[in-house]
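*Asks:* The primary structure of each chain is shown beneath.
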Amino acid sequence: MTDAGYVIGGWTLTGVAIAGYVGRLWARSRRARRFLPPDEQGRSEWM
Amino acid sequence: MRVATGGPGKAAEFWARRGTIVLGGLTVASLAVLVVLGLFVSDPDYQQGDAVRLMYLHVPAAWIAYLAYGVTSLASALYLWKRTRSPAWDTLAGASAEIGVLFTGLTLVLGSLWGRPVWNVWWAWDARVVSTAVLFFLYLGYLALRRVPADPAVRARRSAIAALAAFVDVPVVHFSVEWWRTLHQKGSVFNRELNPTIQGNLAWALLSGVFAFTCLYLYLLERRYQLAVMEEAIEERALEAAIAERRAEADVPPVRVPS
Amino acid sequence: MIDPPVVLVARPKPKRMRYIVAGGLCAAAVLFLIVGGLSRNIVYFRTVSEGVTAHGKAPDDTGRLRLAGAVLTGSVERRPDGVTFVVTDGTTRARVLHHGDPPELFKDGAPVVCEGHFVKGDRAAVPTFDSDRIMIKHGAEYRPPSVDASK
Amino acid sequence: MSVEGGTTGPPGLARQVLLVAGKDLRIEARSRVALNQVLPFAGVILLLFAFALDPDRGLLPRVAPGLFWVAVLLSGLLAISRAFAVEGENGVRDALRLSGLDGAAVFCGKALAVAAQLLGLEVVLGFGVVVLYDLHLHNLVVVVVASLIATAGIAAAGTVYGVLAAGLRVRETLFPLLVLPVVAPVMLGATRAWEAALNGAPSEAWPWVQLLAVFGVIYVTMGWLAFGPLLEET
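Read top to bottom, the protein sequences are chains A, B, C and D. Residue numbers are given in our numbering: position 24 of the first sequence equals residue 24, and the series is strictly consecutive. Residue numbers are given in our numbering: position 187 of the second sequence equals residue 187, and the series is strictly consecutive. Residue numbers are given in our numbering: position 5 of the third sequence equals residue 5, and the series is strictly consecutive. Residue numbers are given in our numbering: position 151 of the fourth sequence equals residue 151, and the series is strictly consecutive.
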């Protein structure tokens, strides 16, 4: 494998890991909001 | 957009919401800048060539791991100290530790991917690498401890003590390259002379990485904290509902009284 | 009926002194760890001088070790089964007989860590080291090639 | 459990330590779990290592110090879990908490009892590696000193995390995950000290003994401070 291969692999992996974590947080938050009335939902804005 | 119900917290709430939105935007923008600077604009290193581009993720990830565990320890200490005790500190400690574990894992994997082309090995049993792996498992244990169902106050106290005990390893990781002879290079920014040994546009790429990851950390921390607050509220509601149910059962007069 | 256990005293107030003493003790322990002689011991590799000196004392010992130094410029010689070169730390030299392909970043002047053992009974001033793995030990200096060229 | 000296005020700290340690050791002596289960387990570990590492190649004597300490740790985990399992029964934990004993004294007492069991384990296992792995013991002083200090560190850290995990439903699985990374430096130091001593270079062992001592001090201090609050609310 060339240097570029390791670099691309590393950056892709980082992107996937971060996106995966954000996605998991998002899904769990969405699920949690379904169980709560609006005044207990905390701040739900993502961006 | 939903507006807070009013009262003194209204303005703070409004700005906190704005803060989250600004932080999210800043994170995405700075990550984009990092990709451009790190992958395209910056020059290859005079020795390592293109492999150095892994540093722009590896070093910021390690920095976030330190930062996250630092926040966890601070929050745990504030929880343990009676004058500042608040369940919010415990929630914050847990949220921060989870992100810390994510970034410690990333640090290890990225370090391994970087080590193969530049050291010629995937893994070296040197002090920096091993102490980082130990750090990963210490906080993995901490998270496992947090997940065990228990009385919230008891769990918070246990977790806080475990977090402080685990933090001992952080300085060991950081100074391992100074104290001991390792294959791992010494700190390139926070070294003993506080003299960054990274030059040219490589330094800008690393700086943008540190900035982007710091924004990302703060954003993730805020999101994780809000999630934890909501999940705690759900648990509380479930508990209240269960108690109300038992109450209701007790209020029903017994159908048949045994003689 | 069993008597309830005798309660001796009410729980004493938190002992401030205890925290101070304990904190001081921990700090002292950590300080000792930093300034104490541990740096001599937790080593990933030996320098060429240390390795050659140790080998000089016990030439028949073929224990595995890692030897670190710079590749002497002009000493690299490719062979069918690997490469030979001289490593030096400025004062002492050792000849390295490496089996297998050297890593990509291996070149004249590169800082290397060789894993292997000294040849048994080699009493030469520049002893031969049998290596089967070469790692590159980089410094923490990063700069673009253009800056390098301007120097 | 009744505590002596109820009318004359609390006994001294040292006396409290010995009371707790004596209680734990008496329980162990009567239940014989350490003797009948932990020791045989340690023996099985030694045998497994020998099977796994091909005894003919002369590998075993070289790696024996590491195997010894891994065996001590693994079987020590059982002994430590056991030291806290006995308190989960019959409300002993509550009794201990209400006894008015100083948290630090309870910690020292329990750690002392654990250390005593670990030392017994080490003696038997040491005998095992000498016989089974053909290990030649040189520089016995260094070996014994390193083992004593390492045992103190393992017992202290094990006791802190033992009480941390005690009373939890998942303590059997959680406890090793919590405690093993923490005692990893102790295992490293003890193994290297043994290797140095057995290879006939005792002077190289002392820095490792110092490392062991540093970790011992840190863990004991940690337990001294944290044990009271941990015992109080769990």
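One or more of the hints may lead you astray.
Partner residues aside, some chain B positions facing chain A, computed with beta carbon under 10 Å [said to hold, decoys possible]: (1) V41; (2) Y46; (3) Q48; (4) G49; (5) P117; (6) V168; (7) V172; (8) C215; (9) L218; (10) R223; (11) Q226.
As a list, the in silico SDA-like pairs of lysine to any residue whose alpha-carbon atoms are at most 25 Å apart [unchecked claim]: (12) K23(D) - G91(D); (13) K186(B) - G100(C); (14) K186(B) - I42(C).
Just so you know, the hints here were simulated from the structure itself, not pulled from any lab data. Computed from a predicted model, the values in this text were never measured in an experiment. We treat Cβ as the ideally placed atom computed from N, Cα and C, and that holds for glycine.
*Asks:* Give a verdict on every hint.
*Replies:* Tested hints:
no.	hint	result
1	V41	violated (14 Å)
2	Y46	violated (14 Å)
3	Q48	holds (8 Å)
4	G49	holds (5 Å)
5	P117	holds (5 Å)
6	V168	violated (27 Å)
7	V172	violated (25 Å)
8	C215	violated (12 Å)
9	L218	violated (14 Å)
10	R223	holds (5 Å)
11	Q226	holds (4 Å)
12	K23(D) - G91(D)	holds (15 Å)
13	K186(B) - G100(C)	violated (29 Å)
14	K186(B) - I42(C)	holds (15 Å)
Checked against the numbered hints above, the structure breaks hints 1, 2, 6, 7, 8, 9, 13 and satisfies the rest.
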